[in-house]
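Can you build the whole structure from these sequences, using the hints too?
This is what each chain is made of:
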Amino acid sequence: MAAAVLGIIVFAVFPAWGGDPPKVLGTKQTLPNGLVWLHSQQSGLPLVTMQLLVKAGVLQEPAAKAGLANLTAQLLLSGTQKRSAAQVAQELDFLGARLRAAGGDDFATVSLTVVKKDLAQGLELLKDVLFNPAFAPAEVKRTVAQIHGSLEADEDEPGVVASRSFARQLYGPFPYGRPVKGAPEGLRAITPKDLKDFHRRFYRPNNSLLSVAGDLTLEEAQRWVAQTFGSWRPETGPAPALPPIPALDKSKVTVINKDISQANIVLGNLGLARSNPDFYAVQVMNYIFGGGGFSSRLVEHIREKRGLAYHVRSDFSPGLEPGPFVVTLETKNPSAREAVDLVLGEMARMRNEPVAAQELEAAKSYLIGSFPRKMDSLDKRAGLMAYVEFYGLGLGYPWRFPDLIQGLTAADIQLAAQKYLHPDKYLLVVVGKQSEMPSLTGLTPGGKEEKQDEPKKSGN
Amino acid sequence: MQTLARPGRIFLFMAFLGFGLGAALFPTPPGVAADLFDQVVEHKLANGLKVLLLKESRAPIISVQVWYRVGSRNEELGKTGLSHLAEHLMFKGTAKYGPKVFSRLVQKAGGQDNAFTSRDYTAYFQNGPKTELKRWLEMEADRMQGLQVDEEAFRTEQQVVVEERRMRTEDDPVSFLMEETMAAAFKAHPYQWPVIGWFHDINSLTRDDFLKYYRRFYIPNNSTVVVVGDIDTPEALKAVQAAFGSIPAGPEPPKVTAQEPRQYGERRVVVHREAQLPFVLMVYHVPNWQEADAYPLEMLNRILSQGRSSRIYHHLVYQKRLALSAGADYAFDTADPTAFTLYAQPLPGKTAEQLEEGLEAEIEKLQRELAPEKELTKAKNQIQSQFYMSLDSLFFRGMLLGRLETVAQWQLIKIFIPKMMQVTAEDVRRVAKKYLVPENRTVGVLSPIKTEKTRAERYRPGGTIE
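Just so you know, the protein sequences line up as chains U and C, in that order.
Under this note's numbering, the first residue of the first sequence carries the number 1, and numbering increases by one thereafter.
Under this note's numbering, the first residue of the second sequence carries the number 1, and numbering increases by one thereafter.
It is worth saying that the hints were derived from the structure and are not from the lab.
Quick caveat: nothing in here was measured; it's all calculated off a predicted structure.
For each residue, glycine too, the CB sits at the ideal point set by N, CA and C.
Among the hints, a few may not be true.
[Claimed, not checked] Stretch-level coverage of chain U by chain C, calculated; a stretch enters the list once three of its residues show a Cβ under 8 Å from a Cβ in chain C:
id, stretch
1, 89-100
2, 294-307
[As the list claims (entries may be wrong)] In silico lysine-lysine, PhoX-like type, Cα no more than 25 Å apart, as pairs:
id, chain 1, residue 1, chain 2, residue 2
3, C, LYS134, C, LYS108
4, U, LYS23, C, LYS130
5, U, LYS116, U, LYS380
6, U, LYS252, U, LYS380
7, C, LYS108, U, LYS380
8, C, LYS55, U, LYS380
9, C, LYS414, U, LYS116
10, U, LYS374, C, LYS55
11, U, LYS116, U, LYS374
12, C, LYS100, U, LYS305
Shown next, in the form of structure tokens:
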């Protein structure tokens, strides 16, 4: 990628904002070891933020060791070959720096935010936790116990219980069906050796990308990046094979009984991957349907007109692989049926009728106009650069975006609805008090439907 | 909170419905940040409206905020939750901008609008393109007194808030415990009831209650307009004047005179509810920013709970492996003195008693031994670094100004750091001994009723759910 190596483009080096806005988010370069890194100078505050994305997410972990990717990330901060977990915490807090490591579906993130004067010490810590994690058995045990505890505490959150059941049923054995933090049996199976192997295999410069934003010139950033990450050794290995995502050929309804006052409703079907060209039509469609807050139809009909719910929205969560489409809402148990009927009715309307011209215009206008807010802080800037690079959108994406949206027509939106909203083939999970809920059967006249037990939870 | 976002689980004594702000207060180190707040332009219109403007041209973005000095603290028993319901009703439209028009116009420009209510204030904001400044100011001025809420709109919104309460509190055992504990800790002061209001109160509020309240508190001399971002400051001031200048001042709203009396002995609250894990809260009465002791109390808070090397995390979560989560919280910037809180949730197999003992041991140690100099230095470093980090958000800068001006005065930002830098180990020990004593505390314990794990009922094809 010669272009990437030569990415020091003159017009991209600019002092923060002001004057004519530049047409790229920052510069892109590649170290000899394959680490792609991005830089944007933002000089308002004496701060530096670095975000490292490592393709070491749930997609990369074996199903039998569910939770391995997240555990590996979390344990980076729990001690290195020369620093104990307590020392890492102590040094970090003494700087007042923020160093975090978190798992995810598509990637793990290690991020550092530090006052510029402390950058050397911050990077020394980052380097140590990234390259030399100890994965000491006692620390593994400790963190696994914490995750077990948090899985147990999650049972008190009906919305989480509903979402987990939904994902498990929608994806089956596919990794997106598992919680990022794993499940008890998988966690129990993980050994320190698994962690070391996973780290050795995936935490590699040619499997990562680094985003740097803050009070650093390009020259300064080059020096720090080379010094910190230059010695990182690349390695390649086979990508893990993924099982197929099961097809959903008819509607399925699951009710999980819990003695609470609201029905926590999750309804949806499979969505799309970030790389799918339908993404933009879907984005506009979802804004109008249930993603656009007070401008959305779901809020209009379920909250504003009928007062049935405080929270109701729809989301697509596109990843490297197709993410889910979900509607989430909470309403008092007796209203569950009415709310679900309204959601299905609005889904059908999106498919059957073209959206109104002013709705379409408002959606486009919001999506385009809100872009500057996605990059108005260091964290957001670094995050956006990492995102566009990870998903292959290019650093000029924000300036390309209006063209991707502007030309969409009501017919495009309707097609997207027909393709991605399925009021006759959906998955519905409701967590609430069953005895107070009306029947949830026969929701889709003419549609095929199957009701079933919640699959037995294994392991606890 | 008007928001549609699903809230996080523990919004502790973050006394408002809305944003979790993380660490308590936001001090000023010398240098860049102090200079930054030196640029605040302060003005008072003839009708009493306070105006705070701060230019920051990093992006072509502004944050417009209107802060009303009214929250659940200004309510009365039987009518609790009125402030928060009023916040929702503020989105119902005026003669000029019908229902939903306001939010839609903001969104159409790519902006975002919302609101939040706390014990001490109610605030409304728009974030987005700088080109919208005049329109947003004009819309905010319009709804300060021109709101139109008919009976039907009132009833519908009331039901939305009831659903909000179910989600936040009724169905969340930890939130429920927090409510119960605060209700026991305060008996004379309105901080005893939750911002969202008691369930039955929300249902029995009337449109007349709302109108009376709206006329009394939504007046220019009870509010502050904050604009932060890419503005021309003199032009922005003119725009505020043009939008709000003609609104007449109202009679001074009644003062809250209630004061919580001294507590003479520990109070305990136990909540028996279906839950997986217990939870423990310890709430102590302490002064707020109005007294010098607030600074060592804030330091105490940092030493106990800031970061993984803090005492509570290190000892209870890490070393002794007792807690799933544990920490402290101190409400420094409030209108009236509130609380210093310790909390902990045990890991499965550990008990609430063990955590109560563990938290107490930390307090006793602070009362017995001086904190090492290095630990104080660490806390001071954290305070400075975190201040810069918090300022990365434009919206947050505005919130800081608006909140401090509403509960105290915004200049508190400027003295906070110097005051914190002066705190000594002896000060910390002194306030620990003075306030964190058993007779001054209320302990709340969530004692789970163990039932079967949530599971799906048999769902017969073609059948109904019993």
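Here is what the structure says about each hint:
no., hint, result
1, 89-100, "holds (count 9)"
2, 294-307, "holds (count 9)"
3, LYS134/C x LYS108/C, "15 Å, holds"
4, LYS23/U x LYS130/C, "20 Å, holds"
5, LYS116/U x LYS380/U, "18 Å, holds"
6, LYS252/U x LYS380/U, "39 Å, violated"
7, LYS108/C x LYS380/U, "22 Å, holds"
8, LYS55/C x LYS380/U, "20 Å, holds"
9, LYS414/C x LYS116/U, "22 Å, holds"
10, LYS374/U x LYS55/C, "20 Å, holds"
11, LYS116/U x LYS374/U, "23 Å, holds"
12, LYS100/C x LYS305/U, "11 Å, holds"
In this structure, only the earlier hint numbered 6 is contradicted, and the remaining ones agree with it.
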